[in-house]
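Novice: Once you have looked at the hints, place chain B on chain A.
As they're listed, the protein sequences go chains A and B. Counting in my numbering, the first sequence runs from 80 upward without gaps. Counting in my numbering, the second sequence runs from 80 upward without gaps.
These aren't lab readings, by the way, just hints derived from the structure by calculation. Everything numeric in this text was worked out from a predicted model, so none of it was measured. Take the hints with a grain of salt, since some may be wrong.
[Claimed, not checked] With beta-carbon atoms standing in for the labels, derived distance ranges:
#1 A:P293 to B:A353: 32 to 42 Å
#2 A:G399 to B:R221: 55 to 65 Å
#3 B:N157 to A:R221: 14 to 24 Å
[Said to hold, decoys possible] Chain A regions said to be covered by chain B (calculated; three or more residues, Cβ under 8 Å):
#4 272 to 279
#5 348 to 362
#6 381 to 389
Positions of the beta carbon are idealized from the N, C-alpha and C atoms, including for glycine.
Number of protein chains: 2
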Amino acid sequence: MYQPFTLVELPRPFLLFLGEECDVAFAKTAQGLRDWAPEACIGEFACAGSGVSIGLPALRPREAKARGARAAVIGVANIGGALRASWLASLLEAMEAGLDIISGMHGRLRNVTPLAAAAEKFGRRLIDLRVPPADIPVATGRKRSGRRLLTVGTDCALGKKYSALTLVREFRKRGVDADFRATGQTGILIAGSGIPIDAVIADFVAGAAELLSPDAAPDHWDVIEGQGSLFHPSYAGVSLGLLHGSQPDVIVLCHETGRDHILGLEGFKTPALANAIQMNLSLARQTNPQVRCAGVALNTSRLGPEQARQTLADCSRELGLPVADPMRDGAELDRLVNACLA
Amino acid sequence: MYQPFTLVELPRPFLLFLGEECDVAFAKTAQGLRDWAPEACIGEFACAGSGVSIGLPALRPREAKARGARAAVIGVANIGGALRASWLASLLEAMEAGLDIISGMHGRLRNVTPLAAAAEKFGRRLIDLRVPPADIPVATGRKRSGRRLLTVGTDCALGKKYSALTLVREFRKRGVDADFRATGQTGILIAGSGIPIDAVIADFVAGAAELLSPDAAPDHWDVIEGQGSLFHPSYAGVSLGLLHGSQPDVIVLCHETGRDHILGLEGFKTPALANAIQMNLSLARQTNPQVRCAGVALNTSRLGPEQARQTLADCSRELGLPVADPMRDGAELDRLVNACLA
Numbered sequence: 080m081y082q083p084f085t086l087v088e089l090p091r092p093f094l095l096f097l098g099e100e101c102d103v104a105f106a107k108t109a110q111g112l113r114d115w116a117p118e119a120c121i122g123e124f125a126c127a128g129s130g131v132s133i134g135l136p137a138l139r140p141r142e143a144k145a146r147g148a149r150a151a152v153i154g155v156a157n158i159g160g161a162l163r164a165s166w167l168a169s170l171l172e173a174m175e176a177g178l179d180i181i182s183g184m185h186g187r188l189r190n191v192t193p194l195a196a197a198a199e200k201f202g203r204r205l206i207d208l209r210v211p212p213a214d215i216p217v218a219t220g221r222k223r224s225g226r227r228l229l230t231v232g233t234d235c236a237l238g239k240k241y242s243a244l245t246l247v248r249e250f251r252k253r254g255v256d257a258d259f260r261a262t263g264q265t266g267i268l269i270a271g272s273g274i275p276i277d278a279v280i281a282d283f284v285a286g287a288a289e290l291l292s293p294d295a296a297p298d299h300w301d302v303i304e305g306q307g308s309l310f311h312p313s314y315a316g317v318s319l320g321l322l323h324g325s326q327p328d329v330i331v332l333c334h335e336t337g338r339d340h341i342l343g344l345e346g347f348k349t350p351a352l353a354n355a356i357q358m359n360l361s362l363a364r365q366t367n368p369q370v371r372c373a374g375v376a377l378n379t380s381r382l383g384p385e386q387a388r389q390t391l392a393d394c395s396r397e398l399g400l401p402v403a404d405p406m407r408d409g410a411e412l413d414r415l416v417n418a419c420l421a
Numbered sequence: 080m081y082q083p084f085t086l087v088e089l090p091r092p093f094l095l096f097l098g099e100e101c102d103v104a105f106a107k108t109a110q111g112l113r114d115w116a117p118e119a120c121i122g123e124f125a126c127a128g129s130g131v132s133i134g135l136p137a138l139r140p141r142e143a144k145a146r147g148a149r150a151a152v153i154g155v156a157n158i159g160g161a162l163r164a165s166w167l168a169s170l171l172e173a174m175e176a177g178l179d180i181i182s183g184m185h186g187r188l189r190n191v192t193p194l195a196a197a198a199e200k201f202g203r204r205l206i207d208l209r210v211p212p213a214d215i216p217v218a219t220g221r222k223r224s225g226r227r228l229l230t231v232g233t234d235c236a237l238g239k240k241y242s243a244l245t246l247v248r249e250f251r252k253r254g255v256d257a258d259f260r261a262t263g264q265t266g267i268l269i270a271g272s273g274i275p276i277d278a279v280i281a282d283f284v285a286g287a288a289e290l291l292s293p294d295a296a297p298d299h300w301d302v303i304e305g306q307g308s309l310f311h312p313s314y315a316g317v318s319l320g321l322l323h324g325s326q327p328d329v330i331v332l333c334h335e336t337g338r339d340h341i342l343g344l345e346g347f348k349t350p351a352l353a354n355a356i357q358m359n360l361s362l363a364r365q366t367n368p369q370v371r372c373a374g375v376a377l378n379t380s381r382l383g384p385e386q387a388r389q390t391l392a393d394c395s396r397e398l399g400l401p402v403a404d405p406m407r408d409g410a411e412l413d414r415l416v417n418a419c420l421a
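The shape of chain A in the complex, shown without the other chains (with noise of 0.2 Å):
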C-alpha cells in the first residue's frame, strides 16, 4: 500500500549547491551526500561572492553540466526550510545551464513562480523531496516484528544521521542484515528512499514512523535515523513522535563535544547526557518497554585524535556505557556496536 518515493527517478550526478550560508553546520544535505554517496556528487558551487566550500571541485553549473552533472541539489538547510530569494539567480543559471532542481526544504520549488516559469521555459524538472506520502494513518502502537535501533540527540545537527549509517556498515560488515532508515532529506537522497518526517501533519508524525519501518524477519535490523531532540524548543514534537512509532529496541545517544547550547538558541542548554537518556528510555517505554540505550555516539570532530581518544574514555567511564565517535574507527566503536547488538 505505501510506496516510498525511492532515488530510482532522481537525475544524479549531483552540483551541490550551497547558497550563502557561512555556518557549515547548515550545510548538512550536501556534507551528508559528500560523505555517503560520493560517486553522486560532481562538485559544488555557491552565491556569487560567498566563500563557503565543502571540499568538492567548484565549479558553475555550465561546467558542472559539461561533465556529466544532471542536476542542482539545494545542499544546505536555513531555519524553517524556506528558500532565500537571494539563491535564485543561482538557481536560474543552474537550470539554463540543463540541470535539473532538487529540494529538501519545507518551501516548494513548484510555488516560487520564476523556477516555475524557468521550468517551463527550459524543460527543466523541480523536485521537492520534503512532500511526505499521501494517506499517513494515524499510530495504532502495534508491536512489530523485527528489531529497531534510533539514534536521538541532545540537538539538531550533530550526527543522528552518520551515527546511524555508521552503525548499518557496522552491522553489514557483521553479517547483521541492516537497512537504514532515512527520516530527512539528506538520508532521503543518500537511501533512496524514506519519509521527510518533519513535514508530515503533527497528528500522523508516528504513524509515519510506523510506516517506516514496517514488520521484518526476526533478526533483522532497521536502523532509523534520529530527528531533532527532545530538548530542543522548536522540534521536541517531532523528536516524540518519531521515538513513539519506531518502538527502538535500543537507542544510541548523539552528541557533540563542546556544543553546550541548543544551536542558534543561545538561550537554552543541552542536556547532560545521562538525563537525555534517561528522558528518552522514560518516554520509549510507553512503546517498548524493553527498549534500552547501548551507549553514545560522541562527535569529537573538533578535537585531535589524542584528545578525542581521552574524552571518549572519559565519558564511557561516566556513563558506563560504550562512547565512540562513529567517525574514527577503533575499539570504542567496536564495543558501541557490540552493545548495539548484545
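Specialist: Frame of chain A, contents of chain B only:
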C-alpha cells in the same frame, strides 16, 4: 501579522451532525458546542438508523432549516479524521435543505467530489476549520510576557477543553483578565478563533503554540486548551510541541476516573497521575523553568455526587494537590482555581 480565523463569518446557528458513531466519546465537537455555545445549537441529526443522541432536538435538515439553522456542523471525529463515505447521504441532504457544511476533520470537504459538486449545484459553502494559518514560523523559545496555563492529559477526550473553559469562566468571576486559547476544532467553534494544532506540519507545532498565545499584559492569563497526551502512542508529539511552545507557568493535569487504558488502544495503560505530572513538568521546564502543577481536573461524570466527592478527596490527599471536577461546582473547584492563581 497573524490573523486567526474568527467565528464572525461562520453561519450560525448550527444543526449538529452525529454520523453513525455509537461511542459518545468521539462526539466531542457536538457535545462541546451543546455545553459551551448552546445558543448556537438548533438541534442534532444522524445517519439513518443510528440511535446516537446528545440530547438536543432531533431534526431532519429541512426542519432545522425551517427553524433557522444555517449550517450543519460535523460533530464527531473518528480516528484518523477522515470523512466517512456513509455520512455522504446525510451531508447531501443537509446541503439540499439549504445548509452550509462546517467540518473540523483532517479530510477536506472540498476534496470530496460529491460534496464539491453539491456545493456548486446548491450554492452552499464547505468550511474546513482544520486548515492552519499559512506561514507559521519555527518556534524561537523566546519568553513571552503575560501568564499562561495549559491543560495536559493522561489521554485524549477526557476533559482538557472543558477544564480550560471552566478555568477561564472562574478566573473571570474573580476579576482576572483571561482568554481561552483554542487548539482543536470544537474549541475554535466555541471561541471563534484558534489554531488546529494537530493539523500543523510537525516542524511548526511549537511555533503555532507560540503564535496562539502572544505577548500580553503581565497580569493577563491565557488558558490554553491541551491536546492528546505525552503518553499517547499516536499523538504524544503534538502534546510535547504544544507544551514547549505554550511555555506554561501553570499546568493542570486532566484525567477521567476509571480511564485505565488509552481510548481505543487497549494495550496501553494511562500513566499514574503523579508520573504524568512529573513528566509534563520535567519537559515543560525546558522552555519555562518556573512551571508548576496547580492540581488535577478529574472528570467524575461516571460517578454519583457522593462517590465523586470521596474520589476527589482521596486523590487530593494522595497527590498533595487540589483535585476538582470542573463540571461540579464547590469547594474543590475553588481550591483548584486559587492554586492556579496563587
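Novice: Taking the hints in turn, state whether each one holds.
Specialist: Verification of the hints:
| no. | hint | in the structure |
| --- | --- | --- |
| 1 | A:P293 to B:A353: 32 to 42 Å | 36 Å, holds |
| 2 | A:G399 to B:R221: 55 to 65 Å | 38 Å, violated |
| 3 | B:N157 to A:R221: 14 to 24 Å | 19 Å, holds |
| 4 | 272 to 279 | holds (count 4) |
| 5 | 348 to 362 | holds (count 3) |
| 6 | 381 to 389 | violated (count 0) |
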